[in-house]
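Asks: Sequence:
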Amino acid sequence: MNARWAENGVTIAGGKGQGDALNQLHWPCGLYVDDDQTVYIADTDNHRIVEWKVGGMSGKVVAGGNGRGNRADQLNQPQDVIIDKETDDLIICDRGNGRVMRWSRRNRTSGEVIIENISCWGLTMDDERSLYVSHLVTNEVKRYRVGQTSGTVVAGGNGQGGRPNQLNWPT
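Going by my numbering, the residue at position 4 of the sequence shown is 10; the numbering climbs one at a time, nothing skipped.
These are calculated hints, taken from the structure and not from any lab test. Only a predicted model underlies this, so the values are computations on that prediction, with no experimental measurement involved. All residues carry an ideal CB built from backbone N, CA and C; glycine is no exception. Treat the hints with care, as some may be off.
What the hints assert, rightly or not - Heads up, simulated BS3-like pairs for lysine-lysine below, C-alpha to C-alpha not over 30 Å straight-line:
#1 59 <-> 91
#2 22 <-> 66
#3 22 <-> 59
#4 91 <-> 66
As the list claims (entries may be wrong) - Pair by pair, the computed Cβ-Cβ distance ranges are:
#5 171 <-> 112: 25 to 35 Å
#6 13 <-> 136: 36 to 46 Å
#7 111 <-> 133: 13 to 23 Å
#8 63 <-> 169: 45 to 55 Å
Kindly produce the complete structure, drawing on both the sequences and the hints.
Replies: Right under this line is the structure:
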């Protein structure tokens, strides 16, 4: 099967130049599309997660947005965002603070740290709700089962390199 996409895309978020207004983004990195086609964007240099509804002209801050920092209501260069479908929580790679946070989509005032001391870059979750986090500095991907604060290396972890058992800046 050969998948094909249209050659010309449509801007669905931002497009109004770099900035911090709700119709702008500044270094958007990770994104997640939910079942309603709402897009969640890690707006890295604005230190926030922004939600864009289909056809929307501007976004809505759903996490962070209170300046760069390490309080429970702040983010510092978030790199990626996913949704835990069972709890309806945002899971955020808060790279600048070296942590992964859980942020309720219902209570948008603050989040809680679920993993600390990690140079995270990318996130994904499997059907059993195990969280996979790419660790940029240690060149590994770790799996965290629900409730675990220390993960298990599932890829890399043997130094930086190009051998089959190594990774090189996993994102």
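Asks: Evaluate each hint against the coordinates.
Replies: Quick rundown of the hints versus the structure:
| no. | hint | verdict |
| --- | --- | --- |
| 1 | 59 <-> 91 | holds (18 Å) |
| 2 | 22 <-> 66 | holds (15 Å) |
| 3 | 22 <-> 59 | holds (17 Å) |
| 4 | 91 <-> 66 | holds (20 Å) |
| 5 | 171 <-> 112: 25 to 35 Å | violated (42 Å) |
| 6 | 13 <-> 136: 36 to 46 Å | holds (37 Å) |
| 7 | 111 <-> 133: 13 to 23 Å | holds (20 Å) |
| 8 | 63 <-> 169: 45 to 55 Å | holds (49 Å) |
Of the numbered hints given earlier, the model fails hint 5 alone.
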